[in-house]
Amino acid sequence: GAGVSQSPSNKVTEKGKDVELRCDPISGHTALYWYRQRLGQGLEFLIYFQGNSAPDKSGLPSDRFSAERTGESVSTLTIQRTQQEDSAVYLCASSYGQGTDTQYFGPGTRLTVL
Amino acid sequence: QKEVEQDPGPLSVPEGAIVSLNCTYSNSAFQYFMWYRQYSRKGPELLMYTYSSGNKEDGRFTAQVDKSSKYISLFIRDSQPSDSATYLCAIASGGSYIPTFGRGTSLIVHP
Chain A
1 GAGVSQSPSN
11 KVTEKGKDVE
21 LRCDPISGHT
31 ALYWYRQRLG
41 QGLEFLIYFQ
51 GNSAPDKSGL
61 PSDRFSAERT
71 GESVSTLTIQ
81 RTQQEDSAVY
91 LCASSYGQGT
101 DTQYFGPGTR
111 LTVL
Chain B
1001 QKEVEQDPGP
1011 LSVPEGAIVS
1021 LNCTYSNSAF
1031 QYFMWYRQYS
1041 RKGPELLMYT
1051 YSSGNKEDGR
1061 FTAQVDKSSK
1071 YISLFIRDSQ
1081 PSDSATYLCA
1091 IASGGSYIPT
1101 FGRGTSLIVH
1111 P
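Protein sequences, first through last, are from chains A and B.
Position one of the first sequence corresponds to residue 1 (our numbering), numbered consecutively onward.
Position one of the second sequence corresponds to residue 1001 (our numbering), numbered consecutively onward.
Bear in mind the hints are in silico, worked out from the structure with no lab data behind them.
Ideal Cβ positions, reconstructed from N, Cα and C, are used throughout, including at glycine.
Be a bit skeptical, because a hint or two may be false.
As the list claims (entries may be wrong) - Anything over 10 Å on all C-beta distances counts as not near chain B; from chain A, calculated:
hint, residue
1, K15
2, Q41
3, L43
4, S62
5, R64
6, S73
7, Q83
Claimed, not checked - With a Cα cut of at most 20 Å, we get these calculated EDC-like pairs of lysine to aspartate or glutamate:
hint, chain 1, residue 1, chain 2, residue 2
8, A, K11, A, D24
9, B, K1056, A, E44
10, B, K1002, A, E44
11, A, K17, A, D101
12, B, K1042, A, D24
13, B, K1042, A, D63
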């Protein structure tokens, strides 16, 4: 079946612009996660959704970052007033439930802020 | 000190070699241990996970956990060029299954 998809695959933007990244999880997966991966670094947790509520958003680095999820479907991560340090790959993952259920990752969105 | 430490490499080995990839961690509350493989420009995929100390084998891959030393390893036997990727360890506590990732080790298996 279809895996996790993310769009766009690449995004180049100018400093100060807003960007919106999209994640389509695997159908039926209730849990959804956003991570950031800077070059040569491990994955940095941003936010976790269970359904359309976000019980853990402790990883969002600043109030410029926000995310929402519609039901148990699409999620969008919005970065306002982008900065050069926001340049990274943004990865989305989904899992059937929470806890130890396997997370399936999308291919990521590569964001470059000039 | 980072919660999870992993040497970024790169680690270059000839085809057929046994590969050893390692991570150390600092939080004794961690009890769920995972290894992910990430090919270039792809998302990570889960290779193996384990809850307990000791070894877990799956084909050419063996995951080893030593909780007393806070040290985990992934061994790859008979390595193949298709194993060339970045391998990330990820560790979670029982209270929160949001994993903490190592920075990944880049592995290159040359023919």
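Going through the hints against the structure:
1. K15: 24 Å, holds
2. Q41: 5 Å, violated
3. L43: Check fails; 4 Å does not lie beyond 10 Å.
4. S62: Fine: 19 Å to the nearest Cβ keeps S62 of chain A off the interface.
5. R64: At roughly 21 Å from the nearest Cβ of chain B, R64 of chain A sits farther out than 10 Å, so the non-interface label holds.
6. S73: 19 Å, holds
7. Q83: 22 Å, holds
8. A:K11 to A:D24: 17 Å, holds
9. B:K1056 to A:E44: Distance of about 27 Å is beyond 20 Å: violated.
10. B:K1002 to A:E44: 12 Å, holds
11. A:K17 to A:D101: Measuring from Cα to Cα gives roughly 36 Å; hence the hint is violated.
12. B:K1042 to A:D24: 16 Å, holds
13. B:K1042 to A:D63: With Cα atoms ~28 Å apart, K1042 of chain B and D63 of chain A exceed 20 Å; violated.
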